[in-house]
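Chemist: Mapped onto this note's numbering, the consecutive letters of the first sequence carry residue numbers 371 to 960.
Among the hints, erroneous ones may be present.
Unchecked claim - Calculated pairs, DMTMM-like style, for lysine to aspartate or glutamate (alpha carbon to alpha carbon, straight line, at most 25 Å): (1) Lys-752 - Glu-700; (2) Lys-884 - Glu-918; (3) Lys-884 - Asp-464; (4) Lys-697 - Asp-672; (5) Lys-884 - Asp-866; (6) Lys-697 - Glu-766; (7) Lys-697 - Glu-676; (8) Lys-697 - Asp-734; (9) Lys-752 - Asp-866; (10) Lys-884 - Asp-858; (11) Lys-705 - Asp-778; (12) Lys-697 - Glu-682; (13) Lys-705 - Glu-680; (14) Lys-752 - Glu-682; (15) Lys-705 - Glu-676; (16) Lys-884 - Asp-398; (17) Lys-752 - Glu-688.
To be verified - Ranges of calculated distance between the beta carbons of each label pair, as one might list FRET restraints: (18) Gly-860 - Ser-447: 19 to 27 Å; (19) Glu-763 - Glu-527: 14 to 22 Å; (20) Gly-814 - Ala-392: 49 to 57 Å; (21) Arg-406 - Glu-484: 39 to 47 Å; (22) Pro-482 - Thr-565: 43 to 51 Å; (23) Arg-406 - Gly-444: 20 to 28 Å.
Simulated from the structure, these hints should not be mistaken for laboratory data. Even for Gly, the Cβ is constructed at its ideal location relative to N, Cα and C.
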Amino acid sequence: MTSHDPVLADLGAAIDAALAAADLPPVDDPAFERPRDPDHGDWASTLALRLAKPARMAPRAIADAVVEHLELPGSVSSVEVAGPGFLNFRLSQDVVADMVRDILARGSSLRPVEPTGRRINVEFVSANPTGPLHVGHGRWAAVGDAIAELLLATGNEVVREYYLNDAGGQIVTFGETVVLSARGEVLDDHHYQGTYIRAIVRRLRADWGDEIFEEDGPGDLPPAVAALGATAADVPVDDEDAPHGAPTGAGGVEPRMSRGLALRVGILAADAMQHRLESSLAVLGVHYERWFSERRELHDTDAVAETLAELEASGVAERRDGALFLKTSEFGDDKDRVLVRANGVPTYFAADCAYLRDKFARADHLVYLLGADHHGYVARLKAAVQCLGHPPEAMEIRIGQMVNLLRDGEPVKMSKRAGTFVDLGEVVDEVGADVTRYHFLRSGLDTAIDFDLDRVAEQSMDNPVYYVQYAHARISSLLRTADERSFDPGSTADADLSLLVHPAEVELVREMGKVNEVVAAAADLRATQRLARYAEDLAGTFHRFYTECRVLGDDVDVELGRARYHLAAAARQVLADVLGLLRVSAPERM
RNA sequence: GCCCCCGUAGCUCAGUGGAUAGAGCACCGCCCUCCGGAGGCGGAAGCGUAGGUUCGAUUCCUACCGGGGGUACCA
371 MTSHDPVLAD LGAAIDAALA AADLPPVDDP AFERPRDPDH GDWASTLALR
421 LAKPARMAPR AIADAVVEHL ELPGSVSSVE VAGPGFLNFR LSQDVVADMV
471 RDILARGSSL RPVEPTGRRI NVEFVSANPT GPLHVGHGRW AAVGDAIAEL
521 LLATGNEVVR EYYLNDAGGQ IVTFGETVVL SARGEVLDDH HYQGTYIRAI
571 VRRLRADWGD EIFEEDGPGD LPPAVAALGA TAADVPVDDE DAPHGAPTGA
621 GGVEPRMSRG LALRVGILAA DAMQHRLESS LAVLGVHYER WFSERRELHD
671 TDAVAETLAE LEASGVAERR DGALFLKTSE FGDDKDRVLV RANGVPTYFA
721 ADCAYLRDKF ARADHLVYLL GADHHGYVAR LKAAVQCLGH PPEAMEIRIG
771 QMVNLLRDGE PVKMSKRAGT FVDLGEVVDE VGADVTRYHF LRSGLDTAID
821 FDLDRVAEQS MDNPVYYVQY AHARISSLLR TADERSFDPG STADADLSLL
871 VHPAEVELVR EMGKVNEVVA AAADLRATQR LARYAEDLAG TFHRFYTECR
921 VLGDDVDVEL GRARYHLAAA ARQVLADVLG LLRVSAPERM
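With these hints in hand, go ahead and build the complete structure from the sequences.
Modeler: Printed below as a string of structure tokens:
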């Protein structure tokens, strides 16, 4: 990472030379870091501390020896030894000036990157199309979207993908639910509950008329749907081949509709749900390059069958007790997993294998964003990757901890079936897209977070996202005002940026200079909170600068005012770039 | 039982071996004849417990305590 920064590359080379000149052993990494305390300079190296043992010398003595032999590159103005043996470096004013000019000239603070040539597939949310999204999904949506943006910014080809589980028993159950609801009949415990079912009923009724809910069905369905009665689409279903039914009295099970009807309506209902999912996500500002339909792309094709045949042919899958097992235990899983049940019906896992195979035909690297409730699935998925002949690291699974939805401190139970969830769309309407996104983006995935509706709504005016956005709006206002007052900032190239020596100016510049390394680290670690926290730090340094350093006014030296103008403009650009990566808006006015 | 994640300020969360552990909110006290006070400055307040590794541990290891999630020929 350090090699990306030209200054550090120069400095590293100079240090290597100094070590050699001082008869000290070489280091493979100068271990540059940003000191927390600005008094410690722009960059620090801990190499003397690390070298103490192998060189059998006191760290300070090593540091002194290095400094003695060090020829500083032009980009570094000073070095000093501090504390137990830190080397603290300060950048020269030229570097500062170049950075500001560069940002303004290019219209971006993000350093251009070499394309990696890597095709990365990022899958996130992928909630079943049998119900609306809840707040927890919002977290994966915001984080997945921002991670995709980060990977894009660091030179990768990226596809955001949503896997639609629009096949299987749940679709039949979903169809049953909709039919019963349309007929005004009572639902059983295993049916989906919630007011959104009525919306689905209205939707289908509007599109196809009431007869869609009858056994015969309308004759003018699109062929693809009409032909669905018994296609591959209903393969991965519970073991009952009989129509789904509910216990009625003591007499046992009495079918309430045919399986074909439930399936047909279920498929149409899932399609309708997909549109609802898409619009909910769009409200959050999340858009996918690819919606992958399990039913259409895996079951209606030969994909599953081909995958199974391939796995069997390569010897990683074998028949046992009438079922087909994938030997995942040979690749770290607890036990082998069933691909095809003894009754001939493929499992959900079989579809997952086919899906993996399909993805690897389209991408070099797969990122999955899953909730903690899916972590039990990781081992077998990792194993499946290897069974398909790919190295395990070609797929990366990020497990995110859960979101606890609270309402005034009290947990809100979220259950799709019970209908007691709070829809993501409602939340976004209540607190706003930027606030919702930002709330999720500023925490690490490993942290289980609380989302208190009342608190977030109440605090919305003091939300950290506004702190950042306000800085952006404030600079915009400043530049507008300058324009209105016919302030002539002159060109960036002519501005004397060496005038920027006030502590608040130096701090701002110093903070701005971190942007590329923060972006690189955030991308590497898939850690959106790094960007968010950085944005907050940067906004803070700007606010301090703004309070202490005036840009406009008769009492401000003209040249200094111009330099500050360009500094502010560059700071705005950095803020806009970081917010852009988070896909949070950067308003000119608030 | 076994597996995964987390215990940091009153609250929500940062800090993937470095110097005096940070931010926002809440609380107390200051700061607008002047570019947006949705701001700035100051104050008070914290690494669950006990060991270990290391020149150095909030960070890595072990145990314990506490919280969350997972452990199907379900999807």
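Chemist: Evaluate each hint against the coordinates.
Modeler: Against the structure, the hints:
1. Lys-752 - Glu-700: With a Cα-Cα distance of about 11 Å, the restraint between Lys-752 and Glu-700 holds, given a limit of 25 Å.
2. Lys-884 - Glu-918: holds, 22 Å
3. Lys-884 - Asp-464: Cα-Cα ~16 Å, so holds.
4. Lys-697 - Asp-672: The hint holds at about 22 Å.
5. Lys-884 - Asp-866: This hinted pair holds, its Cα atoms lying about 22 Å apart.
6. Lys-697 - Glu-766: holds, 21 Å
7. Lys-697 - Glu-676: holds, 17 Å
8. Lys-697 - Asp-734: The hint holds at about 24 Å.
9. Lys-752 - Asp-866: Distance ~57 Å between Lys-752 and Asp-866 Cα, so the pair is violated.
10. Lys-884 - Asp-858: violated, 29 Å
11. Lys-705 - Asp-778: The hint is violated at about 44 Å.
12. Lys-697 - Glu-682: holds, 10 Å
13. Lys-705 - Glu-680: holds, 21 Å
14. Lys-752 - Glu-682: OK: Lys-752 and Glu-682 at ~18 Å, within 25 Å.
15. Lys-705 - Glu-676: holds, 23 Å
16. Lys-884 - Asp-398: The given pair, whose Cα atoms are some 23 Å apart, holds under the 25 Å limit.
17. Lys-752 - Glu-688: Status holds; Cα separation ~19 Å.
18. Gly-860 - Ser-447: 19 to 27 Å: Given range 19 to 27 Å: holds, Cβ gap about 26 Å.
19. Glu-763 - Glu-527: 14 to 22 Å: Given range 14 to 22 Å: holds, Cβ gap about 18 Å.
20. Gly-814 - Ala-392: 49 to 57 Å: violated, 41 Å
21. Arg-406 - Glu-484: 39 to 47 Å: violated, 31 Å
22. Pro-482 - Thr-565: 43 to 51 Å: For Thr-565 against Pro-482, whose Cβ atoms are near 50 Å apart, the range 43 to 51 Å holds.
23. Arg-406 - Gly-444: 20 to 28 Å: The hint (20 to 28 Å, Cβ to Cβ) holds, given that Arg-406 and Gly-444 are roughly 27 Å apart.
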